[in-house]
Every structure is written in structure tokens, then in C-alpha cells.
Amino acid sequence: MTAKRVGQFTVQFSQPPRIVGAFTLMGPREGQGPLGKYFDAIVDDYMWGEYQPEKAERKFLEHAARRALERAGVSENDVDYFIAGDLMNQIVSSTFSARSLGIPHIGVFAACATSTLGLSLAAMLVDGGFARRVLVATASHYQTAERQYRYPIELNIQRKPTNQWTATGGAAAVVAAEGEGPRISHVTVGRVMDWGVKDANHMGAAMAPAAMDTLLRHFQDTNTTPADFDLILTGDLAQHGSKLFRELVKREGHTLGGKHMDAGASLYSPEQQPGAGASGAVCSASVLLAYVLKEMAKGRYRRVLALATGCLHNALTTQQGDSCPGVCHALVLENG
Amino acid sequence: MDRDQTAIEGAKDYARLVAQWAPKPNVPLLISRAFLVGGSICFAGQFVFDYFRQRQPTEVEAIALTLATMISAGVLLTALGVYDHLGELGGMGAAVPITGFANSMAAAAIDFRREGMVLGMAAKMFVIAGPVIVYGIVAGILTGLVATLLRLAAG
Chain A
1 MTAKRVGQFT
11 VQFSQPPRIV
21 GAFTLMGPRE
31 GQGPLGKYFD
41 AIVDDYMWGE
51 YQPEKAERKF
61 LEHAARRALE
71 RAGVSENDVD
81 YFIAGDLMNQ
91 IVSSTFSARS
101 LGIPHIGVFA
111 ACATSTLGLS
121 LAAMLVDGGF
131 ARRVLVATAS
141 HYQTAERQYR
151 YPIELNIQRK
161 PTNQWTATGG
171 AAAVVAAEGE
181 GPRISHVTVG
191 RVMDWGVKDA
201 NHMGAAMAPA
211 AMDTLLRHFQ
221 DTNTTPADFD
231 LILTGDLAQH
241 GSKLFRELVK
251 REGHTLGGKH
261 MDAGASLYSP
271 EQQPGAGASG
281 AVCSASVLLA
291 YVLKEMAKGR
301 YRRVLALATG
311 CLHNALTTQQ
321 GDSCPGVCHA
331 LVLENG
Chain B
1 MDRDQTAIEG
11 AKDYARLVAQ
21 WAPKPNVPLL
31 ISRAFLVGGS
41 ICFAGQFVFD
51 YFRQRQPTEV
61 EAIALTLATM
71 ISAGVLLTAL
81 GVYDHLGELG
91 GMGAAVPITG
101 FANSMAAAAI
111 DFRREGMVLG
121 MAAKMFVIAG
131 PVIVYGIVAG
141 ILTGLVATLL
151 RLAAG
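If you read the protein sequences in the order shown, they are chains A and B. Under our numbering, think of the first position of the first sequence as 1, with each following residue one higher. Under our numbering, think of the first position of the second sequence as 1, with each following residue one higher.
Same shape as in the complex, but just chain A (with noise of 0.2 Å):
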């Protein structure tokens, strides 16, 4: 029955489902970023010739989920589910596109984690044999998170060094149990942690004890250490919560040293200003789905665990005055 369980939290599948196309589409500011190069298209409208940035945020995803097919080499009628999350109220950006797109569809909410959940559950429904393919797509973008998050857009706020930037653009992939591209061999789904960080602005913070507590949990599953990976890549924990999540995990007895890549660090440059980088629910799904997919092909990493991590607060909790939990989801990419 539980066959394809490992540990108290991991589940290792019998049949690693492959990733057989991906799609990343962003904004123009995360395309001058130091890993535009890898991004399969850069819109240079960040609002993508739409009034409301709502609307241009469904865009990307939807434009996303359907290039991604694509690349699969598949149409929406081969596909059995499509699982999407953003960070929207009522994840409208992911309903919206299921409502064009005509596939089965399953929300999900993981704020910022929302990738790797997303590929996670596709991965078990595909190994499962509950599906021959799955999409699984998400988006953010900057001035939809400001004006659900924070502030009206033109205001003058002065940013905290902490403050992460809602990265822009949308991101999809097709989990499939046969083709050609990495595997994914193990899940580790998290639990929700809260240490007791209440301050909004500085969510890498408040998201980092769920990444080492992910992290923790999959190395205790599966027997493995950093030895065992060639990158351990977190997103968004920024360059402040990247900082205090190696403490933690030093803390708990592992170096990580230079195989830890925080997405949230990494999507943008220190003369973009972004404070202390960057955020969003397509910032760790780009960075995995674009730079590290492209660099496993390129046989420069061959095994990879990748840990979204999200921060679950909303505008009223903070406002209510409740600390903000974390979250953080594993998954292990293989080549082969």
C-alpha cells in the first residue's frame, strides 16, 4: 500500500516521472537580470498592453501553461490535469487560465512554494497512474503583490534592506511518465513552521526555519546528505533569510557550502536594487524550471534538490498582528 513512502514525510516513486517540457516567461526586469539569458522569452511590457496588472498576470500564466505544451510536443487533450497556483486572492490568475485552457483543473495555494507543489503532486498523480501528463503552471507578478500585499503602486515608501521584490512573468511545465527530460525521484511535501517572525518585510525570515526543516526531514528520509546533491536550490528566502537558513542547518550538524543557490538571491543583480532580492511565486518555479533545467541538460548538475519555500501571511493577519508561517516543499531532480 504505502509502498512508495520513505520515511516519516517522503514519498520516493517507483517510476520517477519525467519533466518533458518546460516554459518560463517573464518581465523585462528579470530578463536584464543576471539569469535572463537562461529564460525562454522576456515580455518587455511588464504589463503586457493591459489597463490592470491582474489581467496582465493571467497572461503570463496562461501564455506560459501553453507554450510549455508545446515544448512537450502535446495539446491541452493529451493533458489529464493542469494544477496551477499564484499568489492572488482566491488564486483567480490559475482559474482564469483553466477557464480558457479546458483542462482539468486543480488549484493550489503555496504562495511562494506553489512550484514545487505543484510539480510534486503532478509527479505523484503521474506515478500514481492517475494521469498520463500533467501541466503544472504558476505566475506572480510585482505590482499585483504590492497592491494585494502592501501599497498603492506610485506611493512613497522607502523599502527595508529586508523587502524582496515580487519577480514578474509566468512559468509552466508538463510532468509526464514517458519522454525525454529529468526525473523527479523524490517528494518531500513540508510542513506548515512558524517561529514567530511577525515582520512582513522580512519574510526570508519567517521562511526559513521550513526550509531547514524540509530539508532536515529529507535528509532523514532518504538517507542523504549534501554529498548526495550537486545543488540544493531554496527560493525566495532572499540574501537575508538565505544567510539564516545555513545557520539553522549548520546548526543541525550540515554544511551546505557552495551547492546552496537561493532562487530569490540570484534573480537579480545588487545594481537592480530589489532590497534583499527577489520573491514570488515564479521566482523559485523560473529559476528551477529555466537556469537549473537548462544547466542538467547541460550535465553541469545531475542530481538536484530543489526546496520553494512560501511564506503564508495575507494583508490582514499581518495587520491583525499574527507572525506569518512558513512553508517549504522538496522535490529531487535527476538526470537519466
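These are computed hints drawn from the structure, not numbers from a lab. Since we're looking at a predicted model, the values are computed, not measured. Glycine included, C-beta positions come from ideal geometry on N, C-alpha and C.
Here are the computed lysine to aspartate or glutamate pairs in the DMTMM-like style, where the Cα-Cα straight-line distance is at most 25 Å:
no., chain 1, residue 1, chain 2, residue 2
1, A, K298, A, E178
2, A, K160, B, E88
3, A, K250, B, D13
4, B, K12, A, D199
5, A, K259, A, E295
6, B, K24, A, E247
7, A, K198, B, E88
8, B, K124, A, E146
9, A, K243, A, D228
10, A, K198, A, D322
11, A, K55, A, E70
12, A, K160, B, D13
13, A, K294, A, E70
14, A, K198, B, E9
15, B, K24, A, D199
16, A, K294, A, D228
17, B, K12, A, D322
18, B, K12, A, D194
19, B, K12, A, E252
20, A, K294, A, E178
21, A, K37, A, E180
22, A, K55, B, E115
23, B, K12, A, E247
24, B, K124, A, E50
25, A, K243, B, E9
26, A, K250, A, D194
27, A, K243, A, D230
28, A, K243, B, D13
29, B, K24, A, E271
30, B, K124, B, E88
31, A, K55, A, D44
32, A, K198, B, D13
33, A, K250, B, E9
34, A, K298, A, E180
Label-pair ranges, simulated between beta-carbon atoms:
no., chain 1, residue 1, chain 2, residue 2, range
35, B, F43, A, G107, 46 to 56 Å
36, B, M92, A, E271, 17 to 27 Å
37, B, Y135, A, F130, 53 to 63 Å
38, B, A154, A, R150, 43 to 53 Å
Add chain B to chain A, keeping to what the hints say.
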């Protein structure tokens, strides 16, 4: 120590670590920038006031025209997408002058215009400026009350 107690101690310890490692703001730099940005806005305001003072019969008219000019300038710079950068640079130096108040209303108006003229722009225009108005009026009433009481006490 039971499990919950361990967790609480862990969280406290983490809060200390987060606070200790939080990037320290460069206070002298931030204050100087606030002074320069706020000072420049006030310098411009003084210049506008002097201009009107020479051309208006009384100081009251000159003040009214100065306020109207500075508010319009704040709204214009907001619409041109400049004022938020002034805020990023100058912090409270850009927020405190009346141009900052104009920015808080214009920014909200521009943002919520996309949800319509009535329930969007008109209703949500005061999202940021509302508290300033409410507490400004409350402070005015209290100050007036204290002033009146003092005058009565002085006979």
C-alpha cells in the same frame, strides 16, 4: 522540558538571531537624504510662497496659492512616476511635506482607478491619507480645547 517548551525556547532564540543579523540601517545616511529631499521640497515651497507674496494682497492668499501649487506639483510628480522614487530616496523627507500627502492620495487614486470611478478610485482614494485626516482633525479639536481652557483659566 516538554516539547512545546522546547519549541518556544527555539522560537525565542531564533527571534534573537533574526534581530541580531538584521541589516543595520545607515541612519546618518538616511537622515541626510531625508534632510536633503525634505529640505529641497520646502525650499521650493518657500520660493513659490515668495513669488505669490509679492503678487497677492495678503499673506492668506499667498499661503492658499502656495499650498495649491505644491499639491498640484505633488500630484503631477506622482502621475509622472517620479514621486515614489523621491520617497525611496528621502523617506519621511518626501512623505511629511504637503507634496507627500498629495502623493498618498494621488497614488491611491491612480491605483484603484482600475476598479472603477466610484467603488475604486473615489472610495479608496483615502486608504493612505484617511488616517492623516482623521487624526489631524482630532488633534485640531484637542489642541483647540486645551487652548480655550488655558485662555479661560488665564481669565
